[in-house]
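My request is simple: use the sequences and hints to build the entire structure.
2 protein chains.
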Amino acid sequence: MTESSKFFKPFPQSHRIYVPGKLFPDIRVSMREVEISDPLTPKLGIYDTSGPYGDPQKKIDVNQGIEKIRKPWIDARKKNGEPLTQMQYAKKGIITPEMEYVAIRENQKMDVLLGENGSSITPEFVRSEVAAGRAVIPCNPNHPECEPMIIGRNFLTKINSNIGNSAVASSIEEEVEKMVWSVHWGADTVMDLSTGKNIHETREWILRNSPVPIGTVPMYQALEKVNGIADHLTWEVFRDTLIEQAEQGVDYFTIHAGLLLSYVPLALKRTTGIVSRGGSIIARWCMVHNQENFLYTHFDEICDILAKYDVCVSLGDGLRPGSTADANDEAQFSELDTLGELTKVAWAKGVQVLIEGPGHVPMHKIRENMERQEQMCHNAPFYTLGPLTTDVAPGYDHITSAIGAAMIGWFGTAMLCYVTPKEHLGLPDRDDVREGVVTYKLAAHAADLAKGHPAAHFRDDALSRARFDFRWNDQFALSLDPDRAVDFHDETLPGNGAKES
Amino acid sequence: MTESSKFFKPFPQSHRIYVPGKLFPDIRVSMREVEISDPLTPKLGIYDTSGPYGDPQKKIDVNQGIEKIRKPWIDARKKNGEPLTQMQYAKKGIITPEMEYVAIRENQKMDVLLGENGSSITPEFVRSEVAAGRAVIPCNPNHPECEPMIIGRNFLTKINSNIGNSAVASSIEEEVEKMVWSVHWGADTVMDLSTGKNIHETREWILRNSPVPIGTVPMYQALEKVNGIADHLTWEVFRDTLIEQAEQGVDYFTIHAGLLLSYVPLALKRTTGIVSRGGSIIARWCMVHNQENFLYTHFDEICDILAKYDVCVSLGDGLRPGSTADANDEAQFSELDTLGELTKVAWAKGVQVLIEGPGHVPMHKIRENMERQEQMCHNAPFYTLGPLTTDVAPGYDHITSAIGAAMIGWFGTAMLCYVTPKEHLGLPDRDDVREGVVTYKLAAHAADLAKGHPAAHFRDDALSRARFDFRWNDQFALSLDPDRAVDFHDETLPGNGAKES
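Protein chains in written order, with my numbering: chain A, 2 to 502; chain B, 2 to 502.
Simulated from the structure, these hints should not be mistaken for lab results. Treat the hints loosely; a few may be bogus.
Which copy is meant is left open, so a pair is good if it fits within one copy or across any two.
[As the list claims (entries may be wrong)] Below 25 angstroms or equal to it, Euclidean Cα-Cα: the simulated PhoX-like pairs (lysine-lysine) are:
# : residue 1 : residue 2
1 : Lys23     : Lys80
2 : Lys350    : Lys80
3 : Lys23     : Lys79
4 : Lys10     : Lys59
5 : Lys80     : Lys198
Dropping the structure here:
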């Protein structure tokens with residue numbers, strides 16, 4: 002049993018609030034409220050992904066797992082018969098508690114800032130976006146600890162952080178701490194990319210303690226089951242892995258079902274071939290067996306499993322460019338076209354869909370990516386890695402990619418997968434995770450400002466006024482990383498006096 | 002007498018080359034050539050701003066100053082009568098040695114990569130761009146140590162680094178070291194923003210040891226001369242300061258001549274008023290005296306002085322927005338219109354012109370800035386600070402601004418003034434300068450890739466091939482910051498073996 006403060010220092014001038022639902026009065030949506038010393042600035046309800054870790058009132062016991070806030074809703078649905086996916090409920094015109102939760106969460110108390118009718122994000126709007134496939138709510142019923150969130154172009158731009166990259170055994174508490182550290186800084190989802198011996202157990206601990214959706218690449222575990230030999234992979238091993246992970250509660254799966262046998266030769270002409278790990282595994286399997294990708298040929302059965310557990314499919318881009326030289330080439334766009342075809346298959350079975358995107362793209366080719374994805378994939382939400390806008394700055398790829406991420410977010414990408422300073426060079430440590438998450442939070446926020454999200458500019462304006470008035474503590478409290486802002490300030494002008502003048 | 006290695010570790014697998022001129026055979030353009038272990042990759046001639054500090058053969062003695070490479074050209078011009086500005090030569094159809102130097106430098110040995118006729122950047126093209134006012138070559142004849150460089154939208158995107166911010170006395174060698182550290186990482190120009198007691202002497206040491214153009218804000222020194230009291234400023238004090246600095250060899254002056262008395266009230270409606278230091282000084286002077294800005298009323302005389310010394314004028318944006326809330330407002334654009342009017346006055350006298358720009362601008366308002374600047378200022382080169390694309394990330398403003406800088410560079414901005422992580426919080430130290438310069442180098446390079454500079458992609462592609470082949474040392478040597486890339490790599494996988502596999 003530990004305090005949340007074990008994991009990190011709480012944000013200054015902040016406290017946790019819970020906003021109740023109207024359609025579903027037992028909903029309590031967590032937000033961070035910041036107290037500003039200027040009486041003219043309204044209290045801001047800041048979007049908060051830290052779950053119970055951000056509430057000093059909650060005791061955390063990683064051996065018990067965190068509170069299962071969605072359990073009553075899930076149990077009620079089970080009682081009423083076979084539960085449906087969020088998309089199936091949406092298509093039937095039913096607003097779920099998850100949908101109202103998401104609407105309140107996205108609003109960030111905008112009703113206070115803009116008046117009762119100031120926001121267009123209503124539970125009904127959420128439902129209609131999910132029904133249309135333009136947004137997803139990843140929330141496996143077997144992960145009842147997860148606070149509902151939405152990924153779609155008409156909502157706040159989200160970011161993903163990756164953990165568990167190491168094959169070296171680490172303690173369960175260390176893995177949980179990485180996840181908690183990510184959500185403290187604002188990660189909206191976390192992908193567990195663990196390899197090695199303790200995949201299942203590590204994932205179990207992460208799921209039982211995670212307030213955000215957890216994504217995985219099931220192929221990584223399937224490969225472990227055949228001792229790392231891609232040639233030995235079979236549909237049966239993969240299927241069993243999907244079921245195993247869906248039973249545990251994973252909220253979305255990256256599946257490289259669009260990399261067809263006929264596309265592999267297209268990658269041979271490239272500067273950097275195939276750089277996606279999942280893509281390399283599948284390409285090798287296809288070539289060795291001279292057979293079509295079994296994820297493609299079994300996609301119907303995959304969708305049946307995903308629909309049963311309401312796991313979102315994140316259609317992986319195994320042919321994403323690994324260099325700016327390979328951006329927007331035939332290999333990349335051929336696979337994208339197939340992802341569009343698979344999107345329709347998944348939707349027909351009620352499965353929520355994300356589409357994964359590049360990678361490495363120079364600025365002038367970014368818009369084409371977004372437009373082509375929308376067109377070919379029928380407006381399913383786009384989930385991109387960066388993209389990196391130049392290849393010449395290893396050690397700074399959180400920045401080369403934040404440029405591309407902010408731009409593609411503005412153009413409509415719904416979720417940005419973070420890149421840390423260690424990209425291409427090594428494994429991120431705790432500081433790298435913080436640097437990567439905060440960099441992506443600022444890129445996502447810049448995108449929200451540019452795409453005109455009605456709540457986005459209030460925080461900028463409140464911070465700017467604090468800056469102009471030399472209200473240093475307010476400036477720190479409103480910033481994405483108050484600890485760093487305070488540290489940098491104090492290097493030059495330490496002491497409380499300097500913070501008030 | 003010291004070695005260049007006193008200042009920094011030399012770049013790996015690199016040596017200095019000097020490319021001779023054709024029109025002017027005594028020209029020797031310095032570049033860094035990188036040796037790649039792959040025989041298929043041509044040797045790249047990397048643009049190098051480090052001057053003699055990047056050549057281990059040269060001995061450096063800061064008491065003597067560095068070699069005066071332009072002295073023979075300047076002396077020859079003096080012998081032939083009154084020397085003209087680069088713009089005046091260009092308008093007469095005369096190609097100067099500076100123009101050929103710049104053409105060779107910009108090419109980065111593209112003739113080797115693309116064949117003899119592969120490059121459009123000829124000395125004649127340089128002349129025509131300078132004649133049209135679309136580019137400037139800042140090179141005061143009293144700064145003969147300066148290696149010629151060009152700032153214009155049809156050339157490589159340049160970056161500026163600021164030094165000397167501290168009022169605290171520091172030793173001369175420390176100030177010179179800050180400048181050398183900036184040019185090592187790739188700063189194309191350096192602004193000396195010194196305040197305090199030893200302004201003149203500090204600047205003298207910087208100029209005598211700087212291989213890049215030096216810019217200043219003469220108002221800062223003029224204000225010191227009236228004991229920091231803006232009300233006491235006069236045209237005469239300012240004029241004498243201009244002459245003093247031009248005699249020393251300053252290559253460009255920021256002058257806030259476009260902030261008119263009638264614009265001051267426009268700034269009062271803003272979220273963050275006037276944040277430019279020069280702008281605040283002038284606004285105060287105008288209000289106290291209820292008189293028009295004396296920099297505007299004396300602009301003709303200012304241009305006569307600048308023309309005599311071939312000092313570029315960088316028309317300052319005293320009303321640049323200090324927050325995204327104030328971007329593209331009436332105050333900002335009114336001043337920009339006046340800068341356009343002043344551009345024509347300066348050009349008529351043969352004075353080269355840069356236009357300074359914001360500041361803080363959300364992404365969706367960046368393009369309007371560039372288009373309006375081009376239109377109102379007759380295609381004079383734009384020189385922007387960032388812009389920052391959100392205000393919520395103090396401590397990360399090198400990144401919030403690199404997003405805007407890369408975009409506006411792509412749209413046509415010729416030079417980007419760097420922002421360090423300490424922006425808004427404190428004074429940058431050595432690490433912050435490196436972080437700021439490298440971040441801006443990558444933003445400028447991303448812009449060059451996007452705007453299709455013919456030489457830009459060779460470096461990305463060579464590095465990407467090295468990455469794909471696991472040629473780690475080649476990857477490091479081609480990166481903007483090899484030291485960091487090596488350090489990050491070695492944290493996870495130290496040892497030489499890991500660099501070759």
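Structure-based check of all given hints:
1. Lys23 / Lys80: The answer is within: 23 angstroms in one copy meets 25 angstroms, while 87 angstroms across copies does not.
2. Lys350 / Lys80: within (22 angstroms within a copy, 86 angstroms between copies)
3. Lys23 / Lys79: This pair counts as within: shortest intra-copy Cα distance 22 angstroms, inter-copy 83 angstroms.
4. Lys10 / Lys59: For Lys10 and Lys59, only the intra-copy Cα distance (15 angstroms) is at most 25 angstroms; the inter-copy one is 51 angstroms.
5. Lys80 / Lys198: neither (38 angstroms within a copy, 80 angstroms between copies)
When each numbered hint is compared with the structure, a violation occurs for hint 5 only.
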